[in-house]
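Participant: The lines below spell out each chain.
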Amino acid sequence: MTTEHTQQAEHALTPSSYIQHHLGFNAQSVGDASFWTLHVDTLAMSVILGLVVMGLIWWVARGATAGVPTKRQAFVELVFGFVDDQVKNIFHGDRHSFIAPTALTVFLWVLAMNAMDFLPVDIFAKLMHGLGFEHWRAVPTSDINTTFALALAVWFLMIFFSIKAKGLGGWIHELFCSPFGSNPLVWPANFLFNLIEYVSKPLSHSLRLFGNMYAGEIIFLLLGMWAATGLAGTIFGAILGAGWSIFHILIVALQAFIFMMLTVVYLAMAHESH
Amino acid sequence: MNINFTLVAQAIAFAVLIWFTVKFVWPPLLKAIETRQKEIADGLAAAQEGRSALEVAAKKSEATLNEAKQKASEIIGQAEKRAAQIIDEAKGNAKVEGDRIIAGAKAEIDQEVNRAKEGLRTQVSALAVAGAEKILRKEIDAKAHSDMLSKLAAEL
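Quick mapping for you: the protein sequence lines, in order, are chains Y and H. When the letters of the first sequence are read in order and numbered with the UniProt record's numbering, they come out as residues 1 to 274. When the letters of the second sequence are read in order and numbered with the UniProt record's numbering, they come out as residues 1 to 156.
Incorrect hints may have been included.
Computed spacing ranges between beta-carbons, pair by pair [to be verified]:
(1) H:Val16 to Y:Leu127: 23 to 29 Å
(2) H:Ser61 to Y:Phe82: 47 to 53 Å
(3) Y:Ala33 to H:Phe24: 20 to 26 Å
Simulated from the structure, these hints should not be mistaken for laboratory data. Being a predicted model, the structure only gives us computed values, none of them experimental. Cβ coordinates follow ideal geometry from the N, Cα and C atoms, glycine included.
Starting from the given sequences, assemble the full structure and let the hints guide the process.
Facilitator: Okay, here's the thing in structure tokens:
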């Protein structure tokens with residue numbers, strides 16, 4: 001599928017081919033079925049960003065002193081305190097053993113991945129093209145696989161903590177006996193309710209982030225396309241692109257924050273029994 | 001919108017990152033921050049303690065000062081009393097001594113007067129003898145009439 005677009009993009013630059021070219025993944029097949037495909041760009045970008053961001057934090061954390069902190073350490077502690085405060089308000093248990101560090105990971109990693117949206121789409125694509133990559137998506141969070149992977153991981157953690165907190169019996173009991181009560185007549189309704197909740201949580205969790213980042217990328221592409229139409233298009237495209245970039249700073253940070261908050265809320269809810 | 005193996009790979013990456021953060025990033029930061037919080041709390045407590053100790057010391061010094069003042073005034077009062085006593089004593093002594101001296105002087109005067117009287121008596125008797133001798137001339141023997149004359153002198 002992606003190779004067809006490549007051919008088109010090579011030969012004629014039409015709006016649809018331009019956008020489709022930019023939205024094509026660097027997909028490598030690792031098996032027979034279409035499921036066994038790996039988006040190398042998504043994976044490489046996210047892993048590199050994860051290593052860089054968490055590595056930087058780790059580097060500061062390793063040299064962290066209880067005395068007067070350096071500016072570098074103060075900044076990291078600012079982020080730490082911000083995440084810790086959020087978790088403290090939502091989750092009332094031992095947050096330091098798992099949930100708070102998870103929230104920090106989610107926040108920083110998603111923020112870094114979202115921030116790749118600031119890279120100028122065409123220059124970056126050109127650069128990667130020069131390095132021999134026909135397709136290279138810079139923003140891992142505009143790949144549904146990434147957001148879904150994160151949301152599903154949180155979903156499994158949610159079920160794990162639910163069972164851990166209430167026991168397997170308690171969890172199954174809750175599936176059938178909440179929110180309407182333990183009367184056997186309302187068991188199907190309860191179960192249906194919980195089922196919808198369990199399905200909707202990862203979907204809304206992942207699609208919210210994906211939708212925002214994907215839309216942001218599309219708008220950058222549309223502005224880039226406008227810029228290709230002539231001088232006026234270039235000028236207005238640049239102005240609007242700058243405006244959208246500035247506005248996007250908010251979206252990038254906000255979506256990372258929302259994703260982290262939802263992660264914390266879901267994991268905290270799993271610890272509460274109804 | 002194609003879900004594929006990337007999802008699994010990303011989930012693994014996510015899990016590894018979480019593990020890394022839980023294991024290596026969060027604990028040292030938490031430790032540093034909590035240690036610092038404790039240090040600050042301890043410092044504030046120590047400062048509070050110092051302040052209250054200072055207050056206690058100030059109160060104590062004030063009490064000591066007051067006590068010293070009281071003692072000093074007491075001592076001064078005692079000294080004044082003693083001085084008055086000494087003066088009274090001295091006055092008494094002086095009076096006694098003066099009386100004694102006056103009495104001595106009076107006695108001496110009396111003695112002098114007596115002695116003068118005695119002298120005068122002898123002289124008067126001598127004069128009387130001499131006068132009588134002049135009057136009577138040889139008729140009167142001084143030796144024979146001295147007894148009578150000394151009686152006369154004692155009557156003077």
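Participant: All the hints need checking, so say for each whether the structure fits it.
Facilitator: Comparing the hints with the structure gives:
1. H:Val16 to Y:Leu127: 23 to 29 Å: 28 Å, holds
2. H:Ser61 to Y:Phe82: 47 to 53 Å: Check passed, 50 Å falls within 47 to 53 Å.
3. Y:Ala33 to H:Phe24: 20 to 26 Å: 37 Å, violated
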